[in-house]
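Model the full assembly from the supplied sequences, consistent with the hints where possible.
Chains as they are written, first to last, in numbering that gives the first Met the number 0: chain A, 0 to 255; chain B, 0 to 267.
No lab work stands behind these hints: they were computed from the structure.
A couple of the hints might just be wrong.
As the list claims (entries may be wrong) - Distance windows between CB atoms, simulated:
id, chain 1, residue 1, chain 2, residue 2, range
1, B, 115, A, 92, 53 to 61 Å
2, A, 78, B, 49, 44 to 52 Å
3, B, 95, A, 97, 49 to 57 Å
4, B, 221, A, 78, 50 to 58 Å
5, B, 262, A, 151, 41 to 49 Å
6, B, 231, A, 166, 25 to 33 Å
7, B, 20, A, 149, 21 to 29 Å
8, B, 115, A, 247, 50 to 58 Å
9, A, 16, B, 142, 40 to 48 Å
10, B, 63, A, 99, 44 to 52 Å
11, A, 5, B, 247, 55 to 63 Å
12, A, 241, B, 209, 54 to 62 Å
Claimed, not checked - If the Cβ cut is set under 8 Å, some of the chain B residues that face chain A in the computed set are:
id, residue
13, 86
14, 88
15, 110
16, 113
17, 218
18, 222
If you're wondering where the values come from, they're calculated on a predicted model, not measured in any experiment.
For each residue, glycine too, the CB sits at the ideal point set by N, CA and C.
The chain contents come next:
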Amino acid sequence: MKDKKGKGLLYAYISVASFVFFMLIWEIFCRLGFIEPIFLPAPSLIVLRAVKMVDQGTLFVHVLASTRRVMVGFMVSSLVAIPFGIFLGSSRKFKAVFDPLISLLRPLPSMSWIPISLLWLGITETQKYSIVFMGSFAPSLLYIIEATRGIDPILISAAQNLGASRWDVMREVILPGALPQIIAGLKVMLGIAWTCIISAELVAAEEGLGFLIMNAKEYFQTDTIFLGMLLISLTVIVIDVTFRMIEGKILPWTRD
Amino acid sequence: MDQRLTPAQEIEVQDVSKVFPTKEGDVVALKDLSFSLSEGVFLVIVGASGCGKSTLLNLIAGFTRPTSGKIFLRGEEVTGVTPQCGMIFQQYALFPWKTVQDNVEFGLKMKRIPKKERSEIAAEFIDLVGLRGFENSYPKALSGGMKQRVSIARALANDPEVMLLDEPFAALDAMTRQVLQEQLARIYEKHKKTIIFITHSIDEALLLSSRIIIMTARPGTIAQDLVNDLPYPRNASVQLSDHYTRLKKDIWNTVQAEVLKSMEVEAD
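Dropping the structure here:
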């Protein structure tokens, strides 16, 4: 036990050291003038840009704008997909009804929705939410249908044997039984939701991390581009960690 | 109309057949099976694997319908899953996301019994199977034997008229099995539920039953139906008596013939 913990700490040190090492190489490489800062700025320049933008108060505006859009679009998509997916997963008949529609929607990348959404909704927040929604809904639905199907049928038999109605079975067995799989699926979908919003912001937006990158490109502010990309990574990491912490609270029975 | 003019028959199985269609043709799992069971009997059904024992139990519980024939529970035909038959599965079938307490309360919750009453009843049965102190554990943290005890408590708390046990102890080690057999025997003495218990262990059948049915190889019918009149409690001295040996030999002869027959069928 103690040994394992010690090992984990050792690996953490190795990771930190490798990070510092790569940053140093990058920094030295740029400082020695091998490459123009307009193509690849040194890490120190990116940090400087970050400090400047924090001072101006513009940095978090972009982070918050993108995060809000992802969260709203993703929440709405999940709130519709979870009950709908459980329903479709437990009824073959209804699945047959919706199968053609889902099959057509699923292969569409979220990017392909951008033109029509701009036409219908204009450059608005609703348009951004709709892109996240369209990009994550169909795949989420499929994850949830699969999760629902994956439940051990003996648990459904046991519940019915104890007097559960069809509705009881859905609420008491299928939903909690599929929840670990659903959450695993939603975690993947959250990453996809981020790609949706960044592409939407790259095309048409006035704020957000995608806009930040695209706008910086116009002015050859390469350091801002890298800063924007770094912020996308960091935001997704923070949300992923938060998700993992909540997961243990929602699924206490899966904890060791 | 008074259903009780004839002495109460808890379960009536009338000419029940079950056929499973498969790619290689129909498989007749049960053929024209009939028997009746009066209240408070501990029936153990013994048979080689594949003789249709589990099929029979699933039919009585209402999970599947017979291809022909009828099954009655207290004079009423079984047409769907009924909570009056509490089923105990070999694989425990506990809800992994519920604590021991919530698993045992499940049937009561389905009956919309208020929380407080529910928790009192559940506590009583958790106590009965000796799991006090584990109320808040999740099934994952329990051993196989403990899981099966939770499953028994869960079925009992729902107060079914009949308990159906499908090889409940088959996956447990020998010592745990013996402890659970004794516990089940005590529960039977106390609650006098009608029980149908499936096993392929002759010793288990002799230890627990008041009646034994031995099934033939597929298609399953009754090969032998006998009363187990061994005295209670069925302790070591009973298990070493001549009477026990005689019964065991008698059953073994029938079972052996059926096992050989089923092996010939498989070899064809």
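Structure-based check of each hint:
1. A beta carbon spacing of about 40 Å between residue 115/B and residue 92/A contradicts the range 53 to 61 Å that was offered as a hint.
2. For residue 78/A paired with residue 49/B, a C-beta distance near 48 Å keeps the hint of 44 to 52 Å intact.
3. Judged by the Cβ atoms, the range 49 to 57 Å given for residue 95/B and residue 97/A is violated: they are separated by roughly 30 Å.
4. At roughly 56 Å, the beta carbons of residue 221/B and residue 78/A sit within the given window of 50 to 58 Å.
5. In this structure the hint that residue 262/B and residue 151/A lie 41 to 49 Å apart at CB is violated, the actual value being about 32 Å.
6. Range check, residue 231/B to residue 166/A: Cβ separation about 44 Å, and the 25 to 33 Å hint is violated.
7. Here the CB-CB span from residue 20/B to residue 149/A is close to 26 Å, well matched to the stated 21 to 29 Å.
8. For residue 115/B and residue 247/A, the hinted distance range of 50 to 58 Å is not satisfied, since their beta carbons lie about 30 Å from each other.
9. Our hint of 40 to 48 Å for residue 16/A and residue 142/B holds, since their Cβ atoms are close to 44 Å apart.
10. The given range of 44 to 52 Å is broken by residue 63/B and residue 99/A, whose C-beta atoms sit roughly 33 Å from each other.
11. In this structure, residue 5/A and residue 247/B meet the distance hint of 55 to 63 Å, their C-beta atoms being roughly 59 Å apart.
12. For the pair residue 241/A and residue 209/B, the supplied restraint of 54 to 62 Å holds, since their beta-carbon distance comes to about 60 Å.
13. Because the beta carbon of residue 86/B sits about 5 Å from the nearest beta carbon in chain A, less than 8 Å, this interface hint is met.
14. Annotation: interface hint on residue 88/B holds; nearest CB of chain A at approximately 6 Å, less than 8 Å.
15. For residue 110/B, the shortest C-beta to C-beta distance to chain A is roughly 6 Å, which falls under 8 Å, so the interface hint holds.
16. With 8 Å as the threshold, the beta carbon of residue 113/B stays out of range of chain A, its nearest partner Cβ sitting at about 16 Å, so the hint is violated.
17. For residue 218/B, the shortest C-beta to C-beta distance to chain A is roughly 24 Å, which exceeds 8 Å, and the interface hint is violated.
18. A distance limit of 8 Å between C-beta atoms decides the matter here; for residue 222/B the minimum to chain A is near 28 Å, and the interface restraint is violated.
Of the numbered hints stated above, those contradicted by the structure are hints 1, 3, 5, 6, 8, 10, 16, 17 and 18, listed in ascending order.
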